[in-house]
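One letter stands for each residue in the lines below.
Protein chains: 2
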Amino acid sequence: MASAPLDFYYDFSSPYSYLAAARIAALAEGADVRIAWKPFLLGPIFAAKGHATSPLVSDPDKNVHMWADVTRLAELYHLPPLRRPDPFPVNSLLAARVALHLNDACRPAFTRAVYRAEFAEGRDIADRETIYHLLAGLGHFFEEVIDEAERQENKDRLRAQTEAARAEGVFGAPTFIAADGALFWGNDRLEMALDHARRLARAA
Amino acid sequence: MASAPLDFYYDFSSPYSYLAAARIAALAEGADVRIAWKPFLLGPIFAAKGHATSPLVSDPDKNVHMWADVTRLAELYHLPPLRRPDPFPVNSLLAARVALHLNDACRPAFTRAVYRAEFAEGRDIADRETIYHLLAGLGHFFEEVIDEAERQENKDRLRAQTEAARAEGVFGAPTFIAADGALFWGNDRLEMALDHARRLARAA
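Those protein sequence lines, which keep their order, are chains P and X.
Here the first sequence stands for residues 1 to 204, numbered as in UniProt numbering.
Here the second sequence stands for residues 1 to 204, numbered as in UniProt numbering.
What the hints contain is simulated information worked out from the structure, not anything from laboratory work.
Idealized CB from N, CA, C, for every residue including glycine.
One or more hints might be untrue.
[To be verified] Facing chain X, from chain P, some residues (calculated, C-beta under 8 Å):
| id | residue |
| --- | --- |
| 1 | ARG23 |
| 2 | ALA26 |
| 3 | LEU27 |
| 4 | ASP61 |
| 5 | VAL64 |
| 6 | HIS65 |
| 7 | TRP67 |
| 8 | ARG72 |
| 9 | GLY169 |
| 10 | MET192 |
[Said to hold, decoys possible] In silico DSS-like pairs for lysine-lysine, Cα to Cα no more than 27 Å straight-line:
| id | chain 1 | residue 1 | chain 2 | residue 2 |
| --- | --- | --- | --- | --- |
| 11 | X | LYS155 | X | LYS62 |
| 12 | P | LYS155 | X | LYS49 |
| 13 | P | LYS62 | X | LYS62 |
| 14 | P | LYS49 | P | LYS155 |
| 15 | X | LYS155 | P | LYS155 |
| 16 | P | LYS62 | P | LYS49 |
| 17 | X | LYS62 | X | LYS49 |
| 18 | P | LYS49 | X | LYS155 |
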């Protein structure tokens, strides 16, 4: 039986996407689900809805809760102690372009490295130097990777991936979408999304 | 050892509060946590933040996801099939006043009955008749209960409870607050809030 597909939409500025990215590979393997790692940008989706930024940022009470919550979850998942990026949210454009440009086999490790740099190591992922060092740490020693990621064709691919997310009803990150279009929002729904994808594949 | 206290803030218009109210008593008993059932109104808190309504209502994509999500969770929890109140959100003022007016021993059963009427039976909980029948079903056969709930003193109590919630940082429902002020937002965090309350009590 072929493994079940599941789209994993994530934005590099999203703390809950970090938590999901740290967990999804092991859980998907156990559930025999094949993850399509899909970096996208939440900014244009928020803007189209008339939000200046995420409600997690614009509501101070929600913001206080979010950091306490993400800190507790990082501990629960045995991740390194959470470090809050400052400023927040960071500009995730460059990281998203590079992640998209890498092939499917390399994207997950790069994605996890970016998130860890951002939320556990206090590094600035909007900085080209940081991205270069993260790539080098994964064996991509050519600065050309970044140049290629910033070519118009790749920029357009990221724009199209963001538009596809919006068209499927994505309004936040992380979001998981199964083959039947069922949409699951949030790190909290990762397990449920995997269950759904697996059941779909079995019923097929 | 005394059981650990945990405040449970809920709004009768909130579907996720319904899910938490259906689960909390059994889970709290298992965790030896004493729940303070605290009905309040989200409306004035949203208004103070400049939101016309809940983001679950104002964003159509979020709204579609919410109903799919609550429907799936109701099934997962073995609750009756979810029925979407129409209109939504309902006016939860009368139900909140009556819930607050009842004593601590009667409030949980009334709360669950209201939520079930609203989200599983398609009944209008803004209607005085509905509330009267729910009360009668629980053995409160006196229409005076509703009259008393609408006295100025009780109205003021509900206002004070809402203000207390806001002052503690409540921005959504359900919200759980432990004795040390730690705040947990959402039905998804019920188990974590209970764990926290229990650990606090053991450390004391």
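Verification of the supplied hints:
1. ARG23: violated (15 Å)
2. ALA26: violated (21 Å)
3. LEU27: violated (17 Å)
4. ASP61: holds (4 Å)
5. VAL64: holds (6 Å)
6. HIS65: holds (5 Å)
7. TRP67: This hint is violated: P/TRP67 lies away from chain X, its Cβ roughly 12 Å from the closest one there, beyond 8 Å.
8. ARG72: Interface hint status for P/ARG72: holds (7 Å vs cutoff 8 Å).
9. GLY169: OK, holds: P/GLY169 within 8 Å of chain X, min 5 Å.
10. MET192: OK, holds: P/MET192 within 8 Å of chain X, min 7 Å.
11. X/LYS155 to X/LYS62: Outside the cut-off at roughly 32 Å; violated.
12. P/LYS155 to X/LYS49: Violated: P/LYS155 and X/LYS49 sit about 37 Å apart, past 27 Å.
13. P/LYS62 to X/LYS62: Since the Cα atoms of P/LYS62 and X/LYS62 sit roughly 17 Å apart, the hinted pair holds (cutoff 27 Å).
14. P/LYS49 to P/LYS155: The hint holds at about 22 Å.
15. X/LYS155 to P/LYS155: Given that 27 Å is the threshold and the Cα spacing comes to 57 Å, the pair is violated.
16. P/LYS62 to P/LYS49: Status holds; Cα separation ~19 Å.
17. X/LYS62 to X/LYS49: holds (19 Å)
18. P/LYS49 to X/LYS155: Outside the cut-off at roughly 37 Å; violated.
Checked against the numbered hints given earlier, the structure breaks hints 1, 2, 3, 7, 11, 12, 15 and 18 and satisfies all the rest.
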